[in-house]
Amino acid sequence: MLASYRWLKELSGVDASPEEMAEKLTDAGLEVESLTVFPVAQGVVVAEVTAIRPHPTKDKLRLVTVDHGEGTQEVVCGAPNVPEPGGKVLLAKLGAVLPPQKEGGEPFVIAERAVAGVPSAGMLCSETELSLGEGGDGIYVFPGKGPAAGTLLADALPAGDTVFEIGLTPNRPDCLGHIGIARDLAAMFKVTMPELNVGSPPTYAEGVSGVIGSKDTFQLQWSGGREVSIEDAPNGPLTLDVKDTARCPRYGAAAVIGVRVGPSPFWLRYRLHCLGVRSISNLVDATNLVMLEWGHPIHGFDYEKLRGTKIEVRTAQAGESIKTLDGVERKLNDDDLLICDGEGPVAIAGVMGAANSEIGDATTNVAIECAYFDPRSVRRTSRRLGLHTDASHRFERGVDPNAVPAVLARAAAVMAEVGGGIALAEAIDIYPAKIEGPVVELRHSALESLLGVSVPADEPARVLRALGAKVEPIDGGIRATTPTWRPDLGREADLIEEVARIWGYEHIAPMVPKVRASRTGTPARLLFERALRDSATGAGLHEAITYAFVSPEDLEKSAAAPADVKLDNPLSEAHSVMRTSLLPGLAKAAVHALRRQAPEARLFEVGRSFRKGQDVLPQEATRFALLLAGSAQDGFEHRDVDFYDLKGAIEDSLSELGALRFEFASEAPAHLHPRRSAQVFIGETALGFAGELHPDVADALEFGGRRAAYAELSVEALDAVRVARGTPLAPSIPRYPFVSRDVALLLDQERPAEHVAETLRSTSALIESVELFDVFEGDTLPDGKRSLAFHIHYRDPEGTLTDKKVDKAHSKLVKAAAKELQAELR
Amino acid sequence: MSDAVERFEKGLAEIDGGFAQQYAEAADEESLRAINARFVGAHGSLTSLMKLMRELPGDRRREFGQRANEIKGKVTAGFDARLAAIAAAEREAELNGPAIDVTLPARRHAPGRLHPVTRVKNELLDIFASLGFEQADGPEIDHFANCFNKLGFPPDHPATDEHDTFFVAGSDGKALLRTHTSTIQVREMEKRKPPLAVVAPGVVYRRDDDATHSPMFHQIEGFLVDEGVSFSGLKGVLTVFLERLLGDEIEVRFRPSYFPFVEPGAEVDVRRPGGAWMEVLGCGMIHPVVFEAVGYDPSAVSGFAFGMGLDRLAMVRYGIPNIKALYDNDVRFLGAF
Chain A
1 MLASYRWLKE LSGVDASPEE MAEKLTDAGL EVESLTVFPV AQGVVVAEVT AIRPHPTKDK
61 LRLVTVDHGE GTQEVVCGAP NVPEPGGKVL LAKLGAVLPP QKEGGEPFVI AERAVAGVPS
121 AGMLCSETEL SLGEGGDGIY VFPGKGPAAG TLLADALPAG DTVFEIGLTP NRPDCLGHIG
181 IARDLAAMFK VTMPELNVGS PPTYAEGVSG VIGSKDTFQL QWSGGREVSI EDAPNGPLTL
241 DVKDTARCPR YGAAAVIGVR VGPSPFWLRY RLHCLGVRSI SNLVDATNLV MLEWGHPIHG
301 FDYEKLRGTK IEVRTAQAGE SIKTLDGVER KLNDDDLLIC DGEGPVAIAG VMGAANSEIG
361 DATTNVAIEC AYFDPRSVRR TSRRLGLHTD ASHRFERGVD PNAVPAVLAR AAAVMAEVGG
421 GIALAEAIDI YPAKIEGPVV ELRHSALESL LGVSVPADEP ARVLRALGAK VEPIDGGIRA
481 TTPTWRPDLG READLIEEVA RIWGYEHIAP MVPKVRASRT GTPARLLFER ALRDSATGAG
541 LHEAITYAFV SPEDLEKSAA APADVKLDNP LSEAHSVMRT SLLPGLAKAA VHALRRQAPE
601 ARLFEVGRSF RKGQDVLPQE ATRFALLLAG SAQDGFEHRD VDFYDLKGAI EDSLSELGAL
661 RFEFASEAPA HLHPRRSAQV FIGETALGFA GELHPDVADA LEFGGRRAAY AELSVEALDA
721 VRVARGTPLA PSIPRYPFVS RDVALLLDQE RPAEHVAETL RSTSALIESV ELFDVFEGDT
781 LPDGKRSLAF HIHYRDPEGT LTDKKVDKAH SKLVKAAAKE LQAELR
Chain B
1 MSDAVERFEK GLAEIDGGFA QQYAEAADEE SLRAINARFV GAHGSLTSLM KLMRELPGDR
61 RREFGQRANE IKGKVTAGFD ARLAAIAAAE REAELNGPAI DVTLPARRHA PGRLHPVTRV
121 KNELLDIFAS LGFEQADGPE IDHFANCFNK LGFPPDHPAT DEHDTFFVAG SDGKALLRTH
181 TSTIQVREME KRKPPLAVVA PGVVYRRDDD ATHSPMFHQI EGFLVDEGVS FSGLKGVLTV
241 FLERLLGDEI EVRFRPSYFP FVEPGAEVDV RRPGGAWMEV LGCGMIHPVV FEAVGYDPSA
301 VSGFAFGMGL DRLAMVRYGI PNIKALYDND VRFLGAF
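Line by line, the protein sequences give chains A and B. Numbered as in the working numbering, the first sequence ends at 826 without a single skipped number. Numbered as in the working numbering, the second sequence ends at 337 without a single skipped number.
These aren't lab readings, by the way, just hints derived from the structure by calculation. Source: prediction; values computed, not measured. For each residue, glycine too, the CB sits at the ideal point set by N, CA and C. Where hints are given, some of them may not hold.
One side only, chain A facing chain B, incomplete, derived with CB under 10 angstroms [said to hold, decoys possible]: (1) R113; (2) G117; (3) V118; (4) A121; (5) R379; (6) R380; (7) E396; (8) R501; (9) I502; (10) E543; (11) L555; (12) H575; (13) A598; (14) G607; (15) F636.
Quick list of the computed label-pair ranges, beta carbon to beta carbon [claimed, not checked]: (16) A:S445 to B:P273: 53 to 61 angstroms; (17) A:R761 to B:N96: 46 to 54 angstroms; (18) B:A77 to A:D652: 31 to 39 angstroms; (19) A:V37 to B:D248: 47 to 55 angstroms.
Go ahead and model the full structure; you've got the sequences and the hints to work with.
Put into structure tokens, the structure is as follows:
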């Protein structure tokens, strides 16, 4: 919301600088995000044209003699609209400083210069040159007699302003008009707001339907006391009929006749210019001015274009459509509220009018609508049509139903004034059920206990009165009837906020409260997730965070389960389904890294995957995913990563949870290499799968022939292991030395090394560890065989081992190897 | 017999006269040991002489034995001395030899890095833990009611405009990707009874995708519910939190603002002395409608809640110019923190 400093100052009666005002607005919760200064040119005065003669050489230039109050001078002027002698214009005298034309530009200083050979020591200025508006071709000419020659620009025209850009929260529809903002300002500065100038209100006929102009004559309110007959309105009286009073609880209409469409006067154009609204014509500008003043949109119809001289408010019929002012044909449904004339729709209520009844250059009689539409209804229609307008923005936040007469009176007055017409004295107001602001009690004790400080006893009443509530004292507090322009005030807490924000949050001293400790504390699973991230980085992996929504195509490329949790309204196909695997996101990151010449990508992510659940909510599973791609480095040697790099990263990440077991997965998941992948266990708990990516999948994911290894483990399963494992107890450190024997065995290639080690270990209670130290496969060995060599550590916790005991155990081991593993000793 | 004596005499004399010279000629430990073996090895000359002993006449054996041992002692001492000298020379040579190139790359297993958002998240969790707040979490896809109705969003109200929501297909608008972590406030309150002091970080989603918005981002929600919790307490906790996070020289400003689930509501700005205000979080006293929605009695308990974006905090802390960088997962970026 843009707000004019000059306007706020007039309305609020607050005399403060723009900066002071901005600070108070922010303190009141109307956050001023920026200030824009609209400067006034210096050294510019009103001048009266006294003589005009042609330029000696140029047809388009003229030499104009002006009286600037302290004498006369001749200036060269190229404008087509120099007035006859006696007309008043604006003269930038020698040394005058004109504001820069562009933001950040240099100001322009008037110096003596020759224009086509004739010296000119000054300039007759246009509105554009003075930064007063967009004002068409030619210089500024005062209408009528104008101020005396020599009057400074700043005194001659209401020029110069500062505009606040306010970041308005959606609970403050009242501040979508200057009056609402001014009211907060007056409360903040503790001044009494002046009476609003709305002109005399028309007299109202009330009911659910009625006729404007049903009497023969009308008292002229705003144009000099002449009497006017309704016969002056060519189509006669206007009938009004509201069919849906739920969607339209109040509808008022007035009329202004005999207007002439033309440009707006300077003050109106300039006000709109500063507020970023383009001036259209006097009548349209008037409706915008009233909206920006009251925050209440009004709509002007060309009276004569209303077919049947009738306005009807009703919901649309299915299949009905309307061509709105923006030229778009819009399909409606039976939730949309329409304003219709005798033949069909002329506006979507509270959203946008139709071209068929629009005010145009030829308009002479205007019907003005000022209504209160149900905010939810306007919002539903506006959202469904994707049509967000200044009007719908205000109606859906809630305008003040009880401001209708004042707004209508003000609108009629301004239109009559700027359009040179006559406002009819009688209006129609259809308001079957009066809307009242809730009556809310505010206990002083509740106020102080919620804020945690003591508040001056008379402050609540002062604040609420200043904001427009009717306040009466009750025992221990006050009772407030809240104003209907504040639909956000409905209960005690709301009033507490009003008192706090106007009194000032800075008066509430910070005090750290006692926080009572809970018995449970942070759930251990969350602490585990954090520890898991730490240990994964310890294993040399960088943490990635990837989007949880992916494309179905990415899941397919990753050979992951197809998504069964999809978005209704995704931003794009690329982010349209919830992931069932973390592979697509991590693979993208890794491929991106390799393409940008990173030698390797070692990544992990702890994130959720989503599957359809029993309930309306999906099942969310937390996954620990690891992806390795590119080169692994051994000293200066580089090679592609493989399964064993991944296995190491998993073991390093999970070392605290106990011994991991990798079992060859006879039925590996589709994304993994069928010969180079494993199922991962701790004890009997299956954690997930790990392996090199299936080459087809790696190709589909565009790894460009580089190998990548990927594991995805269940964090829930890991956490279950953690719980089952409990707290690790201190081990007893052996006091006696171990004795080492080596054994090399020729075995079937298919026999898993860990199985061999486990078999060897089980042969004697004296065996403390079996450590594989060499794997040999090669031509010198029989087909299908390989050699595994182990260090066997024998230890007796009770005493020093003798060679004899070790020899006995070791020969038992060798025999067992032969028998159980069909191993041949090498 | 005399032949044996003669051989013995001669042998001893040879050894006695020669070992010192030979040891002295040994250049390194290996040759020294080879030379030593010639005397005292299994087939060494002195060992052989010892074996000759039993051929000596009985009355001379003791004398020769003594002499042989004497010589053996000298040989051993000579060996030890030479060995020590060689070792000393080698050590000397090593210490005076060429230096290594200390600029060659290290042999190491480089640890990975936590994502910048995780780093700030951990920092915040630690500060709040020290203030007595425990951590909680909740599902990323939640009921519409938990995200809006129970938090006091009026139906068809523009307050939801900032929460442009992704809905789950087929749920008839009932399941959505949470737009804020305040859903966890609702869930924790429904699950537990006061006192509650909780912070809940998490991923949230909004249908915004431009230079300054990512459709997925991170928030942290916090709330304290107990008897007698006040706005003054809210200011106290958040001021201490921000001072610990950003340094105690910062200024903190509480400015009235609006969120449907708090009343009074505020936004909090911070600035360094002389700097510009920067908005960091939203907060307020939990609205009675929220307490009513979760089955608490608003006349018996009160509470405050706050929420802040983690992404922007990470961006400010680490000088990250674009929010998209947080989700591009460029390894050069991820490895930098």
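A quick look at each hint next to the structure:
1. The interface hint given for R113 (chain A) is violated, since its Cβ lies 43 angstroms from the closest Cβ of chain B, which is over the 10 angstroms cut-off.
2. Interface hint status for G117 (chain A): violated, as the beta-carbon distance to the closest one in chain B is roughly 53 angstroms, over 10 angstroms.
3. The interface hint given for V118 (chain A) is broken, as the beta carbon of that residue sits about 51 angstroms from the closest beta carbon of chain B, more than 10 angstroms.
4. For A121 (chain A), the interface hint is violated, since its Cβ never comes within 10 angstroms of a Cβ in chain B; the closest pair sits about 45 angstroms apart.
5. Hint status for R379 (chain A) relative to chain B: holds, with the closest Cβ pair at about 5 angstroms, below 10 angstroms.
6. A hinted interface residue such as R380 (chain A) counts as satisfied when its beta carbon comes closer than 10 angstroms to some beta carbon of chain B; here the least separation is about 6 angstroms, so the hint holds.
7. A hinted interface residue such as E396 (chain A) counts as satisfied when its beta carbon comes closer than 10 angstroms to some beta carbon of chain B; here the least separation is about 6 angstroms, so the hint holds.
8. Because the beta carbon of R501 (chain A) sits about 4 angstroms from the nearest beta carbon in chain B, less than 10 angstroms, this interface hint is met.
9. The interface hint given for I502 (chain A) holds, since its Cβ lies 9 angstroms from the closest Cβ of chain B, which is under the 10 angstroms cut-off.
10. Annotation: E543 (chain A) was flagged as interfacial toward chain B, and the flag holds, the nearest CB pair being 4 angstroms apart, inside 10 angstroms.
11. With its C-beta approaching chain B no nearer than about 15 angstroms, L555 (chain A) sits outside the 10 angstroms limit, and its interface hint is violated.
12. Nearest Cβ of chain B to the Cβ of H575 (chain A): about 7 angstroms, under the 10 angstroms cut. The hint holds.
13. Look at A598 (chain A): its Cβ gets to within about 5 angstroms of chain B, closer than 10 angstroms, so that hint holds up.
14. Contact between G607 (chain A) and chain B, as hinted, is supported at the beta carbon level, the nearest pair being about 8 angstroms apart and thus within 10 angstroms.
15. Below 10 angstroms, beta-carbon pairs count as interface contacts, and F636 (chain A) has one with chain B at about 8 angstroms; its hint therefore holds.
16. Judged by the Cβ atoms, the range 53 to 61 angstroms given for S445 (chain A) and P273 (chain B) is violated: they are separated by roughly 39 angstroms.
17. Restraint check, R761 (chain A) to N96 (chain B): a C-beta distance of roughly 50 angstroms satisfies the suggested window 46 to 54 angstroms.
18. A hinted range of 31 to 39 angstroms is violated for the C-beta pair A77 (chain B) and D652 (chain A), which are about 54 angstroms apart.
19. A C-beta distance of roughly 36 angstroms is found between V37 (chain A) and D248 (chain B), which places it outside the suggested range of 47 to 55 angstroms.
Comparing the model with each numbered hint stated earlier shows that hints 1, 2, 3, 4, 11, 16, 18 and 19 do not hold.
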